[in-house]
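Residue numbers (this note's numbering), protein chains in the order written: chain A, 1 to 592; chain B, 1 to 262.
No lab work stands behind these hints: they were computed from the structure.
Some hints here could point you the wrong way.
Distance condition first, Cα-Cα at most 25 Å in a straight line; then the derived DSS-like pairs of lysine-lysine [what the hints assert, rightly or not]:
#, chain 1, residue 1, chain 2, residue 2
1, A, Lys392, A, Lys442
2, A, Lys401, B, Lys92
3, B, Lys77, B, Lys100
4, A, Lys453, A, Lys422
5, A, Lys480, A, Lys54
6, A, Lys453, A, Lys97
7, B, Lys234, B, Lys207
8, B, Lys92, A, Lys453
9, B, Lys234, A, Lys442
Partial pick of chain A residues on the chain B-facing surface, computed with a CB cut under 10 Å [as the list claims (entries may be wrong)]:
#, residue
10, Tyr64
11, His66
12, Ile67
13, Ile297
14, Asp305
15, Thr306
16, Asp332
17, Tyr334
18, Arg336
19, Gly338
20, Phe400
21, Ile403
22, Val404
23, Asn407
24, Met439
In this text, all values refer to a predicted model and were calculated from it rather than measured experimentally.
All residues carry an ideal CB built from backbone N, CA and C; glycine is no exception.
What follows is each chain in one-letter form.
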Amino acid sequence: MGVIGLEWRTLARLLGLWLMAVCLAGGPAGAIAEPAADGVWFHDVVTPAGITHKHTNRSFNNAYAHIMEGYTALGAAVAVADYNGDGFEDIFATDSKEDGKNWLYRNNGDWTFTEVGEAAGVAGGNDATNASANALWFDYNNDRQLDLFVARFGHNQLFENLGHGTFKDVSEKAGLTQQYLNSIVAIAFDYDADGDLDLVLGNYFQPVSLFDPPTPHFFPESFETANNGGGVTLYRNNGDKTFTDVTDAAGLRLSGWTLDLGHADVDHDGDDDLFVAADFGTDRMFVNNGDGTFTDITEQAMGIDTKKGMNADWGDMNNDGLFDLFVTNITDEYMREGNFLWQNNGDLTFSDIARETGTYDTGWGWAGKFFDYDNDGWQDLFVVNGWVSAGKENYVVDVFKLIVTPNVDLSDARNWPPMGNKTLSGYQENCLFHNEGGMLFKNEAARHGVNSKIDGRGVAVADFDNDGRLDLYVSNANTKPFLYRNVQPTGHHWVQFQVQAARANTLAIGTRLWLTAGGHTQVGFVNGGNGFASQSTRRVHFGVGRAPRIERLEVAWPSGTKQTYTDVPLDRIHTLIEGQAQLQPFQASVKK
Amino acid sequence: MTQAMRQMVSAMVMMGAIGLVSVMGVWASAGDALYQAAQEAAKAEQYEVALEKFEAALTVDPNHLVYGNAYRQTVVKINDSKTYDRCIAFFKQLVTDHPKAANAWMNYGYAYVDKIPIEGAITQVLLANTALGHFSTAVELEETWLSRYTRGNSYLYWPAIFGRTPQAIADLERAIKMAQETTQRSYHVRAYIALGEAYWRLSNPDKAHSIWREALQLFPDNEALKTRLELDAKGLNDFLTAHFEPSRRVDTNVSIIWEEKD
Chain A
1 MGVIGLEWRT
11 LARLLGLWLM
21 AVCLAGGPAG
31 AIAEPAADGV
41 WFHDVVTPAG
51 ITHKHTNRSF
61 NNAYAHIMEG
71 YTALGAAVAV
81 ADYNGDGFED
91 IFATDSKEDG
101 KNWLYRNNGD
111 WTFTEVGEAA
121 GVAGGNDATN
131 ASANALWFDY
141 NNDRQLDLFV
151 ARFGHNQLFE
161 NLGHGTFKDV
171 SEKAGLTQQY
181 LNSIVAIAFD
191 YDADGDLDLV
201 LGNYFQPVSL
211 FDPPTPHFFP
221 ESFETANNGG
231 GVTLYRNNGD
241 KTFTDVTDAA
251 GLRLSGWTLD
261 LGHADVDHDG
271 DDDLFVAADF
281 GTDRMFVNNG
291 DGTFTDITEQ
301 AMGIDTKKGM
311 NADWGDMNND
321 GLFDLFVTNI
331 TDEYMREGNF
341 LWQNNGDLTF
351 SDIARETGTY
361 DTGWGWAGKF
371 FDYDNDGWQD
381 LFVVNGWVSA
391 GKENYVVDVF
401 KLIVTPNVDL
411 SDARNWPPMG
421 NKTLSGYQEN
431 CLFHNEGGML
441 FKNEAARHGV
451 NSKIDGRGVA
461 VADFDNDGRL
471 DLYVSNANTK
481 PFLYRNVQPT
491 GHHWVQFQVQ
501 AARANTLAIG
511 TRLWLTAGGH
521 TQVGFVNGGN
531 GFASQSTRRV
541 HFGVGRAPRI
551 ERLEVAWPSG
561 TKQTYTDVPL
571 DRIHTLIEGQ
581 AQLQPFQASV
591 KK
Chain B
1 MTQAMRQMVS
11 AMVMMGAIGL
21 VSVMGVWASA
31 GDALYQAAQE
41 AAKAEQYEVA
51 LEKFEAALTV
61 DPNHLVYGNA
71 YRQTVVKIND
81 SKTYDRCIAF
91 FKQLVTDHPK
101 AANAWMNYGY
111 AYVDKIPIEG
121 AITQVLLANT
131 ALGHFSTAVE
141 LEETWLSRYT
151 RGNSYLYWPA
161 IFGRTPQAIA
171 DLERAIKMAQ
181 ETTQRSYHVR
191 AYIALGEAYW
201 RLSNPDKAHS
211 IWREALQLFP
221 DNEALKTRLE
231 LDAKGLNDFL
241 TAHFEPSRRV
251 DTNVSIIWEE
261 KD
């Protein structure tokens, strides 16, 4: 009698068993059971999602290659954006090996992704004289299509989005290939308020070819005060699809070893300021003068430091209306620098409260991103770490010998000991800090299954399935990434805003939003790529806990316009368009 | 009577034997007078004067542990990079001029330790390593409880990976043995505390506890021992990790050595 003859109870049992097997196997991607309140809230779905690539560190083929191996475990980056405008966030991920291709994963809207990098024309980011290090989605020509910038050790790339899923390399036309730069970070914001997005690049090494170095003196000259790095490059957008290097004119000429950049309007004066995180020497804080120039206020704002700044992410962690800053450094048993959690004092000075808040020690830290993972209305922090996890021997003893060698020329790569298969600050657990009311952060990484010991680099926060729970993509050095789906069961309310400017700066980078729900006000902003090796969603997300309604949303647009909305519906994504009195519905329908 | 004082007395006896007692007496009182003037200036916060007077006193008697200690505590009070560098440079010259002055080497090492908290992580490593070298010179010139304890304790600030913990144990066990051969002083407990910490560093908390329990028999009122014995494994880890934090100032004031009377 076959299936028709099976008793219904047997069928139900078989269905239940199948569902359980599917849940345990983690796929199909959509089938994850809601966890208990004390269960695991993040599930790695990278494999069922179809994200199958593995990052590979660049190997060099020059006289210093055996030494460079240990110091160039970089380049695993991610940039998230909805490049095809279908309402689902897509993923661009970099590889760094010579014949490695970069990957563009189109979100299919069901927790699966399709890799389309070659078809789109954006896969070619590596060759004999260039290594991909980072990526950034931004609209360089204000045509409301997301273009793609790839930061490279070598010459950078800019791909113009032609629509219909294809891109064109316009790097040379845009004036971005004239300089050889060892760029490792790129952010975009309208620094001069002229209506188009400018590019700020952070460069690590000085501008010499790492593939065929003309000199052995390209390593840092000091562990604490190095000034022989690549500094920063500011490209002003000319509004005609070209850029001009205005670094000097803007007052941003530096020579440190830049690892990250972060912009935010820290003094709420209507223009975005800039923080530069630097390795081997001091970080820098620049205030935007509003006239196309910046002033270095590091000494009075934070003080000069000698630490190894690796990350810059801005977020209001104590809900006082001011953007605070999280910077990772190196903290291990042999070197205890501690991270910075710079609390904004509101007067262009900052106080470091990392120790007091429990965020001081995250190992050899890399990306650290503010996000509200449980929608309780407080910005939590996810931090990845680990430098090189390799063999049993510890490389720190070799570094120590270098440090104590009298009169050693550190800038000479030949003086640095090769790492070989040794480990340095490896096998460290990532940290997921739950914000306990703005005063303390509690590490819940182990509880939620995100305490991997793999060497993490970038963290992109995005709501990949538009369910109001912020997910995470983690790029790892020399291996597969993680794609953590957030299944937190709190039932806390939330709201997201896809923000669009009326005319210029179409992505509305820099727009600030104040949301009041249940009598409490939070502030967020549209950011142009802050955080090491990663670009998170451009949407502005607010968790509001059990608040029954959103009383008010106040918006300060980069154009200077201000708008207020009342009684904003909860638990949905809104499209917020400059000048329109009503919030618009958000559309999401998968495009193939 | 401390070792330093015994040395001074020995020197006076020898000098007296060759008829230089009167000169020696003038020499000894000159150092003391300078020292007293330095102390008064420091008390009045006339720090530049104080530093000059301390340096003058030490120039007269480079091996004087008391003078050197007071000089360095004034430098710590001022707590700026320039003054620490001045102090280091002064002791560098002192040991160059008086290479066998063991206490001068001790103070030279302490001067590096005093500067550690204000420096970056890499410079801290360099300062600590240099200080160790100077403490080793002091031990070689004159083995005292203080020199053995100081060097042994200094080794403990290095993570186990650097392989210095066994050297710490050797020094601290030697310091304990030396203490056992003299009258027990309250500060002798420090060697026991540090020895236990050495075993903690080697991930042997049971041995650490056993040492501290043994020490508590000898020093039943010592709070530092009681604290360490009362903590559970995690608590002890957190406590000692904080204790060995490089940016936390190590108290290099050794005045207890001569202040504790019989």
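| Broken hints, by number | 1, 3, 8, 10, 11, 12, 13, 23, 24
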